[in-house]
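In the numbering used here, the protein residues as written are 11 to 241.
The hints are simulated quantities; they were obtained by calculation from the structure and are not laboratory data. It is possible that some hints are incorrect.
[What the hints assert, rightly or not] Simulated restraints, written as ranges between beta carbons of each label pair:
no., residue 1, residue 2, range
1, L148, K206, 50 to 58 Å
2, N201, Q160, 54 to 62 Å
3, A94, R47, 28 to 36 Å
4, E98, P64, 48 to 56 Å
5, K206, D154, 40 to 48 Å
6, H103, I143, 57 to 65 Å
[Unchecked claim] Heads up, simulated DSSO-like pairs for lysine-lysine below, C-alpha to C-alpha not over 27 Å straight-line:
no., residue 1, residue 2
7, K70, K55
8, K96, K124
9, K113, K124
10, K96, K79
11, K55, K79
12, K111, K124
13, K147, K159
14, K141, K124
15, K141, K113
16, K70, K45
17, K147, K161
Bear in mind that the values here come from a model prediction, so they are computed numbers and not experimental data. The beta carbon of each residue, even a glycine, is placed where N, CA and C say it ideally should be.
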Amino acid sequence: MFPRLRNFLTRSNPISEALQLPDSTDFIRFVRWRKRRWAPIPASKMYYVRKPTPVNEEEKAELLERNRKYATQMRSLRSYIIEAAKTEHDAEHQAMHLEEKRKEMEAIAQLNNKWNEETRLIREARVAAAKKIHEEKLLSQMDDLEMDKQKRAERARQRVLEAQAVVPTFVDLSDLEREIDQALNTRVSYNWAVDKDGKRYVEAPDGSIEVQDALQTPSKVEEKIKDPVQS
11 MFPRLRNFLT RSNPISEALQ LPDSTDFIRF VRWRKRRWAP IPASKMYYVR KPTPVNEEEK
71 AELLERNRKY ATQMRSLRSY IIEAAKTEHD AEHQAMHLEE KRKEMEAIAQ LNNKWNEETR
131 LIREARVAAA KKIHEEKLLS QMDDLEMDKQ KRAERARQRV LEAQAVVPTF VDLSDLEREI
191 DQALNTRVSY NWAVDKDGKR YVEAPDGSIE VQDALQTPSK VEEKIKDPVQ S
């Protein structure tokens, strides 16, 4: 027996126990090492031609027929197993796909609700700010309108006061003839002078000088007319 194989079997306890080598090695034949691939063809095999093995035609036809039947049956069985496995895999995959799709839709719905809530808060803040600005603008416009109304009332009051100040100089239709006669009989002297304070110095017929105010003071006007706003 080869020493290397014996040493290997000796070191391998399970193998040595399973393979109890007999004491006699007469009936044991070990295969020698094969010839090296790069070794040339030996001279004894140089012109050797192998004789074909004799084949029975009936046996060959029977084996071919059995081989075809076996291949057909195995192909059918393999196709059935593949189809069954594919159907089972598709069912499991479809169930898993539906579960994943359901989870994905739930996640999308939660994310959509979150975005809607954020958008609602932003919209409410924007609407509140716009409402506040609109209210401030309305208050400002109301203040401006009130001030404008007061200014118009003051201007109207001044115009009424000015109109009432000249009312005494108006001439009624019934007194028109008398005023015309008085104007014709009244001698007016335009020989007068004005100082820087607006006073007129008029020469009377007797030669004396009279001092007259060209404009009436507000105190004298208020004594003659009433305030239209108070009235």
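For each hint, the structure was consulted:
1. L148 <-> K206: 50 to 58 Å: holds, 52 Å
2. N201 <-> Q160: 54 to 62 Å: For N201 and Q160 the Cβ distance comes to about 47 Å; the hint is violated.
3. A94 <-> R47: 28 to 36 Å: violated, 47 Å
4. E98 <-> P64: 48 to 56 Å: holds, 50 Å
5. K206 <-> D154: 40 to 48 Å: holds, 42 Å
6. H103 <-> I143: 57 to 65 Å: holds, 58 Å
7. K70 <-> K55: violated, 30 Å
8. K96 <-> K124: This hinted pair is violated, its Cα atoms lying about 41 Å apart.
9. K113 <-> K124: Holds - the C-alpha atoms of K124 and K113 are around 16 Å apart, at most 27 Å.
10. K96 <-> K79: holds, 25 Å
11. K55 <-> K79: Not satisfied, since the Cα-Cα distance of roughly 41 Å exceeds 27 Å.
12. K111 <-> K124: holds, 20 Å
13. K147 <-> K159: Measuring from Cα to Cα gives roughly 18 Å; hence the hint holds.
14. K141 <-> K124: holds, 26 Å
15. K141 <-> K113: Not satisfied, since the Cα-Cα distance of roughly 41 Å exceeds 27 Å.
16. K70 <-> K45: violated, 34 Å
17. K147 <-> K161: Between K147 and K161 the Cα gap is close to 21 Å, so the pair holds against 27 Å.
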